[in-house]
Amino acid sequence: MTTLDATRPHDAKPGPEVDNYLTFTRGFLSWALTLDHKRIGLMYLVSVLGSFLVGGIFALLVRTELLTPGATIPGVDENLYNQFFTLHGAIMVFLVIIPSIPAALGNFVLPIMLGAKDVAFPRLNLCSYYLWIMGAICAVVSLTVGGFDTGWTFYTPYSTTTSTGGVIPVVTGVFILGFSSIFTGMNFVVTIHKLRPPGMTWFRMPLLLWALYATALIQVLATPVLAITLLMLIVERVFLIGLFDPAMGGDPVLFQHFFWFYSHPAVYIMILPAMGIISEIISVHAHRHIFGYRFIAFSSVAIAIFSFLVWGHHMFTSGQSPLMNTVFSLITFSVAIPSAIKIFNWMATLYRGSISINTPMLYGLGFIFLFTIGGLTGLHLGTLNTDIHLHDTYFVVAHFHYVMMGSALIAMVGGLHHWWPKMVGRMYNERHGIIGFALVFIGFNVTFFTQFMLGSHGMPRRYYDYPSEFQIYHVISTIGSYIMAAGFFWTLYLLVQSLFTGKIAPANPWGGRSLEWQCSSPPPHDNFKTTPSVGDCYDFSVVRWSEEEGGYVVDRNDEDASKPDH
Amino acid sequence: MIDLSSTLANLASNTVLALQDVATSAAPAAAAFAEPVVEQRELTGGFWLPQASSTLAPATDFAFNAITWLSYVFFFGITFVLVYLTWKYRQRGTEVRYDAGAPVHNTPLEVGWTVIPLLLVIAIFFMGFKGFLDLSTPPKNAYEINVTAAQWSWNFKYPNGATSNDLVVPAGQPVKLVMRSNDVLHSLFIPDFRVKHDVIPGRYTYLWFQADEPTGIVPEDQMATTTKGHYLFCTEYCGTDHSNMGRKVFVLNEEDFKEWEETQARWLDEVPDEELYSVAGPKLYLRCSNCHSIDGTAGTGPSWGDQTSGSIAGLGNVWTRTIEGKTPIDGGTRDDGGSTLSDYIGPGKLYETPEDYIRASIYNPGGLLVSGYGPNMPHFKGQLNDRAIDALIGMMKQLDQFDAKGRYIGKAPN
Numbered sequence: 103m104t105t106l107d108a109t110r111p112h113d114a115k116p117g118p119e120v121d122n123y124l125t126f127t128r129g130f131l132s133w134a135l136t137l138d139h140k141r142i143g144l145m146y147l148v149s150v151l152g153s154f155l156v157g158g159i160f161a162l163l164v165r166t167e168l169l170t171p172g173a174t175i176p177g178v179d180e181n182l183y184n185q186f187f188t189l190h191g192a193i194m195v196f197l198v199i200i201p202s203i204p205a206a207l208g209n210f211v212l213p214i215m216l217g218a219k220d221v222a223f224p225r226l227n228l229c230s231y232y233l234w235i236m237g238a239i240c241a242v243v244s245l246t247v248g249g250f251d252t253g254w255t256f257y258t259p260y261s262t263t264t265s266t267g268g269v270i271p272v273v274t275g276v277f278i279l280g281f282s283s284i285f286t287g288m289n290f291v292v293t294i295h296k297l298r299p300p301g302m303t304w305f306r307m308p309l310l311l312w313a314l315y316a317t318a319l320i321q322v323l324a325t326p327v328l329a330i331t332l333l334m335l336i337v338e339r340v341f342l343i344g345l346f347d348p349a350m351g352g353d354p355v356l357f358q359h360f361f362w363f364y365s366h367p368a369v370y371i372m373i374l375p376a377m378g379i380i381s382e383i384i385s386v387h388a389h390r391h392i393f394g395y396r397f398i399a400f401s402s403v404a405i406a407i408f409s410f411l412v413w414g415h416h417m418f419t420s421g422q423s424p425l426m427n428t429v430f431s432l433i434t435f436s437v438a439i440p441s442a443i444k445i446f447n448w449m450a451t452l453y454r455g456s457i458s459i460n461t462p463m464l465y466g467l468g469f470i471f472l473f474t475i476g477g478l479t480g481l482h483l484g485t486l487n488t489d490i491h492l493h494d495t496y497f498v499v500a501h502f503h504y505v506m507m508g509s510a511l512i513a514m515v516g517g518l519h520h521w522w523p524k525m526v527g528r529m530y531n532e533r534h535g536i537i538g539f540a541l542v543f544i545g546f547n548v549t550f551f552t553q554f555m556l557g558s559h560g561m562p563r564r565y566y567d568y569p570s571e572f573q574i575y576h577v578i579s580t581i582g583s584y585i586m587a588a589g590f591f592w593t594l595y596l597l598v599q600s601l602f603t604g605k606i607a608p609a610n611p612w613g614g615r616s617l618e619w620q621c622s623s624p625p626p627h628d629n630f631k632t633t634p635s636v637g638d639c640y641d642f643s644v645v646r647w648s649e650e651e652g653g654y655v656v657d658r659n660d661e662d663a664s665k666p667d668h
Numbered sequence: 009m010i011d012l013s014s015t016l017a018n019l020a021s022n023t024v025l026a027l028q029d030v031a032t033s034a035a036p037a038a039a040a041f042a043e044p045v046v047e048q049r050e051l052t053g054g055f056w057l058p059q060a061s062s063t064l065a066p067a068t069d070f071a072f073n074a075i076t077w078l079s080y081v082f083f084f085g086i087t088f089v090l091v092y093l094t095w096k097y098r099q100r101g102t103e104v105r106y107d108a109g110a111p112v113h114n115t116p117l118e119v120g121w122t123v124i125p126l127l128l129v130i131a132i133f134f135m136g137f138k139g140f141l142d143l144s145t146p147p148k149n150a151y152e153i154n155v156t157a158a159q160w161s162w163n164f165k166y167p168n169g170a171t172s173n174d175l176v177v178p179a180g181q182p183v184k185l186v187m188r189s190n191d192v193l194h195s196l197f198i199p200d201f202r203v204k205h206d207v208i209p210g211r212y213t214y215l216w217f218q219a220d221e222p223t224g225i226v227p228e229d230q231m232a233t234t235t236k237g238h239y240l241f242c243t244e245y246c247g248t249d250h251s252n253m254g255r256k257v258f259v260l261n262e263e264d265f266k267e268w269e270e271t272q273a274r275w276l277d278e279v280p281d282e283e284l285y286s287v288a289g290p291k292l293y294l295r296c297s298n299c300h301s302i303d304g305t306a307g308t309g310p311s312w313g314d315q316t317s318g319s320i321a322g323l324g325n326v327w328t329r330t331i332e333g334k335t336p337i338d339g340g341t342r343d344d345g346g347s348t349l350s351d352y353i354g355p356g357k358l359y360e361t362p363e364d365y366i367r368a369s370i371y372n373p374g375g376l377l378v379s380g381y382g383p384n385m386p387h388f389k390g391q392l393n394d395r396a397i398d399a400l401i402g403m404m405k406q407l408d409q410f411d412a413k414g415r416y417i418g419k420a421p422n
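Protein chains in written order, with the numbering used here: chain P, 103 to 668; chain Z, 9 to 422.
Hints in this document: simulated from the structure, not taken from any laboratory.
One or more hints might be untrue.
[What the hints assert, rightly or not] Rough simulated footprint, nothing fancy, chain P against chain Z, three-plus residues with beta-carbon under 8 Å: (1) 94-103; (2) 113-126; (3) 246-257.
Glycine residues also receive a C-beta, built at the ideal position from the N, C-alpha and C atoms.
Please put together the full structure from these sequences, using the hints given.
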């Protein structure tokens, strides 16, 4: 047995005669009402990338405004600027990064990697997509009724007293998006528990599934706290019930506790699946068994657990007691350990591998580079006395962009390149892909490394105006953001171009071993014709290049099924 | 007759005095009245950190530098290994060179790279913890200054009753700030001192530091543009003018500080009554200038001048539109449905006189809101006394004697 679905010759044109999920049924309703996890994943992907474009435009407006101290863009005053950075943050966090990997890529690959026909609750899956749409509509509505300038953190009492009219619609939107996220997480937990085919034991699962499982646990457990917090905010703003505003007997620091009790774990909702993608990319493109499987798998679970215990490190200067600051600082450092374990294991995976230096692999290596910087600067911020100096400065801005954008989003884009042939059945131009990576990578570092220096010299975040000595750093940072934007537009171009002129993708273009590389590209509607047999998904000894397939084939797929787990 | 002639004589002498004033101050005036030249500052301090100007800054810097050097070691190590391995084991073409002997796990290695980073971060934690204990323990003998933050200004109040918009502190002595907020969250940050703490409505919070090196001080109207002193920023987002809350910290040696504190407490009382509006007015107006322009441009609050846009466009300057009662009113805790100020000012109405309305607008700004403006202004009860209010009202009444920046330029020569 070579591949499980070798029925389609590699040079066949995708069309009605070939069964794949894209052509299985036709018409608008077949997409709008689809229960197919792959189509839902694709719809998520398009929606998330659309939001990324909008959030990115706001980022460019912010960066352009900061080219000079005071007013730069004609017509953009303080109030408009405050709305720009608020919208940038809210869109990127709630509409882009949180759903990007789990809901878009995860939806597509999780059931196939697992060897299942779909997620456990396909209708709930579609429902979560429409909740996302409703949340996005709420955000648009908020713009039509005056916008909002609260910052994405909605800190009270500013958020309950600001005169901008869009606060309630956008908070409602985030509330709804929370349920979209909970439903996705719940679906994944049940899918992984119940829909594993024979032979797919916990320790045979690809590491991305471990990461998505850990992520799903956080989504299900932490997001309800955000929901109730936002509801309380709405109650205070509408009915003037004093929960957070001291003028009405509330406590503003309480809001911060509630908010970060969700929003710190949310950081791991963003980064854990990214780490999962990197585990896949590194081992597949290095054609090398992942090093330290169990340590990587358990470190994901460890991070998920620790993520609930460190929210207070956002509040070292907020007026919480010094004792709590101390405890939170100590626990915060414990998160560094599982992250470090992952980095060292990825490096060890490269040792004695057979490394294809291509676009997904470059994104994977870029991730390790950027995440190392993001992680190490986390030490400056977890340390009590240095955080007192750095808190709420550009140092923090740079740090979380290295983690949330440089790591989570770069992994997402890397994963997109990795699974693109599987999703659309076409190969993109490899050389163009590498150019795109280079632009994004260089642009990113130029933009955000300078912001570390801005911040450590004392430049506060969320500033419209600034003293002139900071200008040179702002100028460099803005130029970097333009390079990065060019890189993303270039990437968009090369991916869209591949749809029309790209080579037909083989089932297994990279030499992967996990199950998604064994069904055709794009996969058939039911993923697998027969229940797949599960081998060691990191054993590349049986992977062989086949000229006639135009891709890799896996020999003796099920022979190692009797081997022990990792 | 006698009254009239004496009035005329007074007027004449006043004019002469004013002209003399202009003449004597002509030379410095040229500099003072010109647009303030912002001296181009260079970032002070080193590659990463600004100058360290408080006694606790060196401990913070030591921790920062230690972590940074550790980061360099890990970062360059990881990058080197990453690039080296990728290059050494690169695959040419499509054929996989599978290495069957490559190890897939190694428990001692895993334990090693778990335990060593763990020991390192525990060491870092203690370094930060020790520094933090010092940062959060103000010495008992600290000199206390009360801080009130509001959208969007700082007010520093000294034990002898002196107040200031910039923070002036004695050198070589611990200083403790007792901080509260009038409205939303703010945060007081002095980068050169490495201190920061949120300022919270409904709570008092502390922050302390000791600066040993005097910086000197400059006249009030140059404070925003001078290179002297240390920056003081608001670092908790607080709305429109969040980035305009930046002020300066000036450190004075003991004698200079005592003298400054004394003058600062008494200056308003020592201004001669006849110069109250022209001397004290502009000084007090500095605190209003963030939101209320004089040149007619619309700001966070209505312009004192004849505003060129919005609901009060073309209604004249603040005093004209108040006495004529034309200012449209919409909202506020004392709004009972009236449409313009004339419904609220006059015998038997909410305010007997226009002056009453102005004073109420400073002490309780949320009472009546000008159409198109929200309840954004902080109240100044306890910060501005009657004499200060007199000075500001006097300035409003004679606004044509001030330039677009609120500086006194004297009476028009007619």
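Against the structure, the hints come out as follows:
Requiring three or more residues with a Cβ within less than 8 Å of a Cβ of chain P, the coverage given for the region 94-103 of chain Z holds, as 6 such residues are present. Counting residues of the region 113-126 of chain Z whose CB lies closer than 8 Å to any CB of chain P gives 8, so the stated coverage by that chain holds, three being the minimum. A count of 8 residues in the region 246-257 of chain Z with a Cβ less than 8 Å from any Cβ of chain P is obtained; the coverage claim is therefore met, three being the minimum.
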